[in-house]
Amino acid sequence: MSETILQLQGIYKNFGSVEAAKNISINVSKELFALLGPSGSGKTTMLRIIAGLETPDKGRVLINGRDVTNLPPYKRGIGMVFQDFLLFPHKTVKENIVFPLKMQGKDESTKEEQYQWVSQLVHLEGLDERFPYQLSGGQKQRVALARGLVSRPSVLLLDEPLANLDRELRKEMEIEIRRFQLELGIPFIYVTHNQEEALTMSDRMAIMRLGQLEQIGDKFELYHHPQTSFVASFLGSTNAMQGEIKAVDNGCIVVDWDGVSLRAPYKDDFKIGMTVDYFLKSEKITIHPPGQKPDDHGRTVIEGRLRDTIFKGQYADYLISLKNDNEIIVSDVPTISPALRNATVSISWPSEAPDVFPADGGLA
Amino acid sequence: MLFFFVLPLLTTVVISFWRTESYTIIHDWNIDNYVVLLTKHTYLVFLGRSILMATAVTLISLIYSWPIAYFIAYAGGRYKLVLVLLTSAPFFTGIILRVTALQQIFGPIGIINTALINLGLKPINAFMYSNFASGMGLVYLWIPFMILAIYLSLLNFNFDLLEVAKVNGASPIKAFFEVTLPLNWIGTAVGIVLVFVPTLAASITPRFLGGVNGALFGNILAHQFGATGTWALGSAMGVVLFFVSIIAIFLVWKTVDLRRSGFTGGDI
Ligand SMILES: Nc1ncnc2c1ncn2[C@@H]1O[C@H](COP(=O)(O)OP(=O)(O)OP(=O)(O)O)[C@@H](O)[C@H]1O
Ligand SMILES: [Mg+2]
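Sequence order for the protein chains is A and B. At position 256 of the first sequence the residue is numbered 256 (our numbering), and the sequence of numbers has no breaks. At position 177 of the second sequence the residue is numbered 1177 (our numbering), and the sequence of numbers has no breaks.
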């Protein structure tokens, strides 16, 4: 990985009794770094601390090795794109975009040059003299991005920049933003609570919860090898189960989930009698047509009733009712006919598919 | 509207084209009053003084009102409205008491000078009956209108835009002139008019605080309706004031560019 541009070291921030940042340390290089977490987890607070709009109670912010913790925002040379665009309503598109250059006292020819460059980059040609109220949502978003990029900042912060756009436009902008990042070669820190967005766009990502970082890493790593229950349940479409370890067999544990046996790889901290959370992404499960029974070697195989099929095009979600009255969602290729509703089917998954963690407290 | 606004104005205009002799109005159409006003040095000097005074009072009010209105709108929390209404305190006691209170402060034996004398220093003449004292009195009197106008404008101001400005490299001062002031210019312009126009016609405050040399156009005007009984000339002076006010309003209006005010609700 290339060199580190932005470093957060042991950041703490409290608002009254709310811990909005708790021992946050991150290094970000020239990459698209996504910050994902539920509402109120402290994502915006973190961006605001990086931008200098909020001072941390403890810890340091470094940009290119320089400690900027005590610098005011206007001396940090950071670009930021806000959730609700926040364009200056009294300035034209062009004036909005060159604002950062104007503040830096750049001369007219530099302003013009940078403006031409950025307005082409974000495809804003011909809108120079419009006022923000004369723009569509997507155009506003582009202006906000252009304003964030025009001065070629050392870091660009994006706080849910696509949250106010419709789905079509969001898809398009996701790809665009990714392109800007590659073209500019600066770190983008991208806050979102839309995991699809984070997974599509990012190189690495961090999951935040209650002011803390749950896990940082490569997006595949986070998706396939979550390190905490929260990350396992938060990412993807996940079936969450809980049960007691009944046996250890051949490098696997067998978990009793309300009378249904589930298999998972053995880990050192597992003991018989321990209660565990068992998370299984729905696409890691295979559905077998009625009458076919898979080989249960190294797999968990259970039978259930196909309660409903939700056809999604490339795949389908099958809702399977189990004999223990629980339900499992399976995402698989849409091969099972919807006419088979209420048929008995088998579902199965390899033993290493689930993510299993000791439940809170560990013991039942 | 017609009755209260146009009729008195019309009467004034009509009278200003008549003349007065020995305390009676003579219905004899002429423009002598205006000739006198526009050629006689003294009247022009008083008018000039009043315009200068109104300008100074407006500027001082502007400089004081902004931080006060800003503070209330930004940090007033749930006490905003009460705080802004309390700025009307100068009006609680009526004009005479208010002016007398100011005399207690600025006058020859007022608080400031008494303190100076007690400290063995020379009293400051500027504080005694002078244009300075009436200027301060006028600021004190009209500033609530300015504060209120700016405050109401700030209520609709999105303070987040200042954070945007700062992240994009604007120091607090630049952010004020680039973002806050332009987006609150309509309110500020209203405040300017609400202070400038009444100050231009002021007579009571300068009479009590201005002393012998502090007379303004408004005092001379009032005089025409009192001791001298030259109502026609007084009316002409009123008409002149009216036009100066209209010009001032026009000039202020010209500074407002709706598209640059952030206002998108159509014409105002
Ligand atoms: N200025 C503030 N004063 C008091 N509490 C605050 C302040 N700013 C944030 N908080 C609190 O800090 C916590 C984190 O807020 P933050 O805005 O960072 O969350 P977020 O992850 O951005 O959420 P969302 O996805 O809803 O935008 C929340 O509990 C919030 O209420
Ligand atoms: Mg947020």
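Rather than coming from a laboratory, the hints here were simulated on the basis of the structure. In this text, all values refer to a predicted model and were calculated from it rather than measured experimentally. Check before you lean on any hint, since a few could be wrong.
Covered stretches of chain B (chain A as the covering partner; in silico rule of three or more C-beta atoms under 8 Å from a C-beta of chain A) [claimed, not checked]:
#1 1112 to 1123
#2 1176 to 1190
#3 1256 to 1262
Chain B is faced by these chain A residues, among others (derived, beta-carbon under 10 Å) [what the hints assert, rightly or not]:
#4 P72
#5 Y74
#6 R76
#7 I78
#8 G79
#9 D84
#10 F88
#11 H90
#12 K94
#13 M103
#14 Y133
Yeah, the Cβ is synthetic: ideal placement off N, Cα and C, and Gly gets one too.
Discussion item. A closest beta-carbon separation below 10 Å is what the hint needs, so does D84(A) meet it against chain B?
Written reply: Holds, about 8 Å.
Worksheet entry | Hinted contact I78(A) with chain B - closest CB pair below 10 Å | holds, 6 Å
Item to complete: Go through the hint on H90(A) and say holds or violated, using the shortest Cβ distance to chain B against 10 Å.
Response: holds, 4 Å
Worksheet item: How about K94(A): closest beta carbon in chain B under 10 Å, or not?
Response: It is violated, given that the least Cβ distance between K94(A) and chain B is near 14 Å, above 10 Å.
Worksheet entry | Given coverage of the segment 1256 to 1262 of chain B by chain A, checked by CB-CB distance under 8 Å (3 or more) | holds (count 4)
Practice prompt. With a C-beta cutoff of 8 Å, work out whether three or more residues of the segment 1176 to 1190 of chain B approach chain A closely enough for the coverage to hold.
Written response: Satisfied; 4 residues make the cut.
Discussion item. Y133(A) was flagged as interface toward chain B. Is the shortest Cβ-Cβ separation under 10 Å?
Written reply: At 5 Å from the nearest chain B Cβ, Y133(A) passes the 10 Å test, so the hint holds.
Worksheet item: Mind checking, does the segment 1112 to 1123 of chain B have 3 or more residues with a CB under 8 Å from chain A?
Response: violated (count 0)
Worksheet item: Does G79(A) meet its interface restraint, that is, does its C-beta lie within less than 10 Å of any C-beta in chain B?
Response: holds, 8 Å
Item to complete: Report holds or violated for the interface hint on M103(A), using the least CB-CB distance to chain B and a cut-off of 10 Å.
Response: holds, 4 Å
Item to complete: Mind checking the CB of Y74(A) against every CB in chain B and telling me if the closest is under 10 Å?
Response: holds, 5 Å
Worksheet item: Was the hint right that R76(A) lines chain B, CB cutoff 10 Å?
Response: holds, 8 Å
Of the hints listed earlier, those the structure fails to meet are numbers 1, 12, in rising order.
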